[in-house]
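Protein chains: 4
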Amino acid sequence: MSGNTFGKLFTVTTFGESHGVALGCIVDGCPPGIELSAEDLQIDLDRRKPGTSRYTTQRRESDEVQILSGVFEGKTTGTSIGMVIFNKDQRSQDYGKIKELFRPGHADYTYQQKYGFRDYRGGGRSSARETAMRVAAGAVAKKYLKQKHGIEVRAYLSQMGDVKVDLKDWDAVEQNPFFCADPDKIDALDALMRDLKKQGDSIGAKVSVVADNVPVGWGEPVFDRLDADIAHALMSINAVKGVEIGDGFECVNQKGSEHRDVMTPEGFLSNHAGGVLGGISTGQSVVAHIAMKPTSSITVPGETVDINGDSAEVITKGRHDPCVGIRAVPIAEAMMAITLMDHCLRHRGQNADVQSTTPVIPAQPK
Amino acid sequence: MSGNTFGKLFTVTTFGESHGVALGCIVDGCPPGIELSAEDLQIDLDRRKPGTSRYTTQRRESDEVQILSGVFEGKTTGTSIGMVIFNKDQRSQDYGKIKELFRPGHADYTYQQKYGFRDYRGGGRSSARETAMRVAAGAVAKKYLKQKHGIEVRAYLSQMGDVKVDLKDWDAVEQNPFFCADPDKIDALDALMRDLKKQGDSIGAKVSVVADNVPVGWGEPVFDRLDADIAHALMSINAVKGVEIGDGFECVNQKGSEHRDVMTPEGFLSNHAGGVLGGISTGQSVVAHIAMKPTSSITVPGETVDINGDSAEVITKGRHDPCVGIRAVPIAEAMMAITLMDHCLRHRGQNADVQSTTPVIPAQPK
Amino acid sequence: MSGNTFGKLFTVTTFGESHGVALGCIVDGCPPGIELSAEDLQIDLDRRKPGTSRYTTQRRESDEVQILSGVFEGKTTGTSIGMVIFNKDQRSQDYGKIKELFRPGHADYTYQQKYGFRDYRGGGRSSARETAMRVAAGAVAKKYLKQKHGIEVRAYLSQMGDVKVDLKDWDAVEQNPFFCADPDKIDALDALMRDLKKQGDSIGAKVSVVADNVPVGWGEPVFDRLDADIAHALMSINAVKGVEIGDGFECVNQKGSEHRDVMTPEGFLSNHAGGVLGGISTGQSVVAHIAMKPTSSITVPGETVDINGDSAEVITKGRHDPCVGIRAVPIAEAMMAITLMDHCLRHRGQNADVQSTTPVIPAQPK
Amino acid sequence: MSGNTFGKLFTVTTFGESHGVALGCIVDGCPPGIELSAEDLQIDLDRRKPGTSRYTTQRRESDEVQILSGVFEGKTTGTSIGMVIFNKDQRSQDYGKIKELFRPGHADYTYQQKYGFRDYRGGGRSSARETAMRVAAGAVAKKYLKQKHGIEVRAYLSQMGDVKVDLKDWDAVEQNPFFCADPDKIDALDALMRDLKKQGDSIGAKVSVVADNVPVGWGEPVFDRLDADIAHALMSINAVKGVEIGDGFECVNQKGSEHRDVMTPEGFLSNHAGGVLGGISTGQSVVAHIAMKPTSSITVPGETVDINGDSAEVITKGRHDPCVGIRAVPIAEAMMAITLMDHCLRHRGQNADVQSTTPVIPAQPK
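Protein chains in written order, with the working numbering: chain A, 444 to 809; chain B, 444 to 809; chain C, 444 to 809; chain D, 444 to 809.
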């Protein structure tokens with residue numbers, strides 16, 4: 444299979460470039476009978492949409508999604524769901540000047556060498572604009588998981604630069620432009636962003652994704668472990684350089700006696716594992732963290748090479764996010780939801796007959 | 444597809460339990476005409492083999508691999524390669540006593556709930572014993588990559604507990620039981636292991652994998668990015684809880700002006716990206732790091748539940764590694780090599796005709 | 444994977460219903476640098492288009508395809524190609540009256556039972572309208588195969604009812620509304636169609652597909668044999684009930700001494716095998732034949748059941764082809780081309796290094 | 444994915460050559476808790492086994508299968524099932540003499556050109572010996588389908604040369620060496636075989652496969668239709684040149700009014716469709732027919748070329764079946780069962796929630 448499809452039973456296949464005619468995707472394998480409308484998808488698309496605050500790119504895109512198939516009389520039919528978003532604000536002139544240059548930290552050079560030439564308009568296929576369709580597809584998965592299993596897939600910005608944000612309050616996340624889960628950190632984030640704007644520079648970030656109410660038993664050992672597929676899904680998001688499940692890299696300096704999550708009849712006493720053991724969900728919350736690199740589209744001049752291999756200088760103009768981590772929040776939720784949905788269908792495909800006589804251990808004691 | 448196959452064009456499918464009759468795998472898609480013998484595979488199998496030092500489990504397994512098909516007159520034929528390792532030292536009695544218990548931090552509970560019952564002998568399919576076949580398959584990939592592209596895939600233990608190990612010398616790695624790349628750190632590691640043995644506890648670790656001489660252009664956007672597939676491959680290894688590409692989580696506090704790797708006609712001036720941009724290899728070394736959790740098989744008594752959901756106490760006897768990170772080194776190399784090999788074949792399948800007029804930028808200036 | 448994707452390296456994923464908003468597909472894995480425009484696709488779409496002659500359905504669809512991505516400055520970029528055709532002439536009222544009925548010989552009943560409900564408008568996803576996107580995707584493959592390998596993929600109507608048509612002249616095929624390869628048979632076909640119209644009945648057909656200049660070596664034993672994938676591809680076309688490679692069912696009464704195709708240094712002396720041995724192309728023409736059932740959309744009244752399981756009578760009105768075999772000709776070409784293209788990429792992915800010292804045997808002696 | 448795996452959720456991956464060390468397979472995705480032992484598999488292996496009658500090759504192979512994993516305490520665990528058969532009677536000397544020749548009608552030439560060299564011992568991977576593992580894997584599927592759904596998958600020899608055999612009695616099939624379903628035809632088949640032996644020639648055959656009690660709703664439109672996957676599965680069997688579903692090529696001369704299967708509340712009145720409409724099972728028997736070519740391994744001398752491309756004469760000695768159709772009967776059953784099983788799991792993966800309010804129509808009236 445080629446690289447633009449994700450999933451085995453619930454599959455998402457996407458197309459589209461930053462400055463092409465349109466972006467689109469096909470969601471295949473969605474169970475029938477789920478109420479679905481464009482409005483359901485628009486909610487998350489608007490959360491990712493550019494130009495929503497002074498902290499993100501000023502490109503103006505309504506990102507209006509149309510459902511072209513797979514939904515009849517308001518319900519999914521079980522056949523493939525086609526969706527499309529037509530590009531509006533393209534401003535190719537912003538990009539013409541770097542047609543001959545390879546921006547450091549960008550995919551310009553690798554696309555040129557892999558394919559022999561490239562769509563240089565806004566990064567073409569390598570632009571994060573592609574993630575709009577992931578969000579649309581993820582919204583289908585989120586709706587199904589919520590409706591059928593009560594699963595809540597949510598993410599928040601857990602760090603930007605040296606500003607760490609703890610999960611104080613899920614409701615707060617939607618009430619500020621940073622997806623910040625701690626109202627007390629908003630000023631610090633705002634100050635950091637203002638500095639960066641002045642410097643014409645960018646910063647990295649950490650995003651945390653949590654799926655509550657995932658039942659025990661999802662995940663396919665040994666290669667398609669739930670956590671391995673989550674890592675695949677999250678690392679495939681533009682600018683992501685690291686993925687952790689549960690305690691992640693903190694495990695390096697933990698002892699077995701601290702790390703292991705004790706099980707009691709009343710519930711698990713901790714969740715260092717992040718809700719996955721042996722590649723299979725434990726029934727606890729599935730927790731993942733991702734590291735986002737600072738975008739390389741900055742106005743600080745840089746040395747580079749051109750398409751002839753000669754030395755050149757580059758200054759990225761155009762409209763860019765000083766921290767791509769902010770808009771990555773709904774994208775991370777989408778990829779987590781798509782992965783969980785795929786494993787939901789895979790699990791019951793093989794194990795629909797299974798009845799375990801062992802009682803389910805609660806996620807935590809009451 | 445089910446979960447025991449990895450790869451799209453170069454595929455590895457495995458079977459086998461800790462205390463079953465045998466472990467085996469099928470390597471499909473290997474190009475024909477590659478010289479291959481069991482000896483080639485045994486080298487890496489011996490590096491992973493238990494019982495090689497006092498720092499690893501004392502289970503005695505010769506792990507002798509047999510090639511059953513796909514090789515004729517000493518060369519791969521292009522057809523599927525079957526391999527098998529028969530289990531010898533099984534000692535089921537070590538495990539009978541925990542037949543009714545779920546060991547905290549283990550997959551006992553999740554397997555029981557997913558499948559309705561489980562092979563409780565040594566963890567059955569969830570045991571790291573399964574990784575022996577990954578190493579055998581990885582050795583095929585390593586040989587091909589070395590022979591056809593001069594690619595060197597190597598790993599080392601970069602941290603255990605609070606002992607950090609820098610890459611001082613690749614040769615040193617094979618000269619100590621820790622795969623330690625800095626001879627000056629061996630005493631500290633040895634001391635740490637002795638303490639753990641006394642405490643009957645275990646510790647986490649970090650392993651770093653480096654692939655040198657990977658050509659520019661491998662990786663399939665958008666979902667099958669090279670780094671996304673590497674994350675999938677490495678996260679699928681038992682006990683791995685985190686994966687980083689290049690600077691990984693250090694990116695969170697980096698600025699774009701520091702992070703972006705400057706390109707000059709003489710070469711890249713840095714490799715923060717870890718050799719991947721836009722999901723495609725840059726021609727620099729591909730660098731990944733993994734976090735390994737401390738094994739939960741420790742002799743420190745712990746609270747848990749049994750298969751009836753009642754409270755119980757567990758003490759893991761049997762023969763276990765105080766730090767699973769050590770033996771993970773050859774496994775990490777194997778999974779990196781399998782992923783690179785798959786992308787090598789996928790890339791040329793689609794792009795064999797491509798000729799880029801842009802000169803290749805050296806990995807670093809001479 | 445779900446059911447709306449075909450191919451492993453060159454993949455085609457489709458969506459769309461007979462009376463939905465639009466039909467579309469994503470072609471993934473197409474090599475970069477191929478000149479491609481909507482006009483290239485429109486040629487074959489027009490050959491399949493309804494309403495082109497009095498022998499086919501009078502539904503009016505311009506079937507204008509738009510390319511939404513994957514093509515830049517007139518060339519494929521190597522990224523996924525999105526295409527769409529918006530439906531125009533939908534006339535849902537034609538179908539409302541059978542909303543409650545299951546038409547015998549149609550997928551109404553099976554869709555209802557599989558999914559719990561169905562898009563009853565013109566058969567929804569089960570309508571042959573879906574094949575429009577196969578033709579668009581196939582045109583991409585045909586162009587690549589022609590340009591890079593000189594491969595010609597062509598089909599013709601080889602039988603309708605009891606009227607057998609031999610391949611007299613490829614040029615004739617495009618000069619009549621039946622894709623008839625023998626001008627002397629056109630009157631007989633015309634007469635047969637007139638009778639059927641009078642009777643309000645339909646008839647089956649046989650279509651033959653030939654791919655000339657396919658090189659030796661394409662096809663992946665053992666399950667993904669070239670002929671097995673061709674069978675999969677052709678049997679997936681609506682109304683196809685049989686597939687033959689080469690002599691097909693004539694083999695049942697052949698002896699080995701007649702059937703085997705003798706090889707000489709000057710070339711093969713016959714092609715009973717249809718260009719495939721052991722699942723791999725021989726270098727001869729790849730020849731396949733398909734059996735099309737007579738459409739069940741006829742005006743002859745029939746007994747059936749309704750969605751409550753009660754007895755009912757059905758008369759299909761609406762606009763239908765008395766012989767779906769006619770418009771199947773470009774669809775069969777498309778599926779053959781897509782299959783060959785996928786195997787072209789798969790073959791070179793694994794075997795790009797191979798150099799055989801055995802000279803190639805010509806398809807036939809000069 | 445490479446070519447040695449079949450299926451999406453229930454997958455079978457095989458390895459092994461005619462004269463290699465062993466044949467083996469991995470069955471992945473089998474539901475847990477199914478009672479399974481080597482004896483269950485041996486029954487069908489013995490039906491396919493060479494040397495069982497004077498009508499088949501005299502090669503002596505006990506074909507004893509060992510289960511190496513995936514079964515614990517007599518039940519499948521849900522993890523991958525490894526199986527192996529070690530080759531015994533190899534007699535390579537039989538084949539040495541044709542090391543330099545390409546046997547007409549065989550895969551010798553195509554393997555040589557695809558891979559650059561070949562395992563010439565008995566055809567290596569292209570030998571029908573490979574099908575032993577399909578039969579072993581198919582036996583797993585047959586057991587599951589029988590136990591969970593009451594599905595019976597059976598096949599019989601329906602024609603050899605000009606001797607047609609109707610399905611008179613399923614019990615008769617197992618009581619003669621031809622898998623002949625009509626006791627009155629056994630003498631004619633015996634006479635035909637004796638003639639062929641005298642002539643040193645071979646003959647083609649037709650095999651029919653029937654799956655009774657398949658529920659309505661299995662199959663994934665549009666490309667993975669149940670009939671399309673059956674065609675793929677059956678055409679992938681060595682020597683198969685044609686596949687029909689239901690009436691197959693008879694449809695070419697049928698009218699819609701004859702072909703369409705009338706539905707009544709009491710049941711379907713006919714089964715021209717062969718149990719599949721729109722790619723989804725109807726609840727009737729699934730019926731397929733395959734055309735087997737006459738084996739090219741005959742003692743009639745033939746003209747051919749050698750590995751240098753020079754003209755040569757070939758006489759195939761060794762031990763061969765005058766009609767490969769006979770032993771194809773259990774293989775056809777196996778591939779049908781594997782395909783049904785895969786679709787059983789795929790269907791419930793997506794549609795486990797579905798409840799249709801439409802009553803199920805019986806396969807036929809009482």
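The hints are simulated quantities; they were obtained by calculation from the structure and are not laboratory data.
Treat the hints with care, as some may be off.
To spell it out: a stretch of chain D is covered by chain A in this simulated footprint if at least three of its residues, at any positions, have a beta carbon under 8 Å from a beta carbon of chain A; those stretches are [claimed, not checked]: (1) 471–483; (2) 510–520.
As a list, the in silico DSS-like pairs of lysine-lysine whose alpha-carbon atoms are at most 25 Å apart [what the hints assert, rightly or not]: (3) B/Lys-531 / D/Lys-518; (4) D/Lys-809 / C/Lys-698; (5) B/Lys-698 / A/Lys-607; (6) D/Lys-518 / D/Lys-698; (7) C/Lys-641 / C/Lys-531; (8) D/Lys-698 / C/Lys-640.
Covered stretches of chain D, going by a simulated chain B footprint (3 or more residues, C-beta under 8 Å) [unchecked claim]: (9) 445–454; (10) 542–548.
Idealized CB from N, CA, C, for every residue including glycine.
Okay, the segment 471–483 of chain D and chain A, do three or more residues pass the C-beta test at under 8 Å?
holds (count 5)
If you look at each residue in the segment 445–454 of chain D, do at least three have a Cβ nearer than 8 Å to any Cβ of chain B?
holds (count 9)
Count the residues of the segment 510–520 of chain D with a beta-carbon closer than 8 Å to any beta-carbon of chain A: does the count reach three?
violated (count 0)
Hinted pair, alpha-carbon criterion (25 Å max): D/Lys-809, C/Lys-698. Please report holds or violated.
With a Cα-Cα distance of about 44 Å, the restraint between D/Lys-809 and C/Lys-698 is violated, given a limit of 25 Å.
Is the hinted pair D/Lys-518 and D/Lys-698 satisfied, with a Cα-Cα distance of at most 25 Å?
Cα-Cα ~50 Å, so violated.
Has the given pair, B/Lys-698 with A/Lys-607, been kept, meaning a C-alpha gap of at most 25 Å?
With Cα atoms ~16 Å apart, B/Lys-698 and A/Lys-607 stay inside 25 Å; holds.
Between the alpha carbons of B/Lys-531 and D/Lys-518, is the straight-line distance 25 Å or under?
Status holds; Cα separation ~23 Å.
For the segment 542–548 of chain D, do three or more residues have a beta carbon lying closer than 8 Å to a beta carbon of chain B?
violated (count 0)
Hint check: D/Lys-698 vs C/Lys-640, CA-CA at most 25 Å. Holds or violated?
holds, 12 Å
Are the Cα positions of C/Lys-641 and C/Lys-531 separated by 25 Å at most?
Violated: C/Lys-641 and C/Lys-531 sit about 29 Å apart, past 25 Å.
Hint check: violations occur at hints 2, 4, 6, 7, 10; the rest are consistent with the structure.
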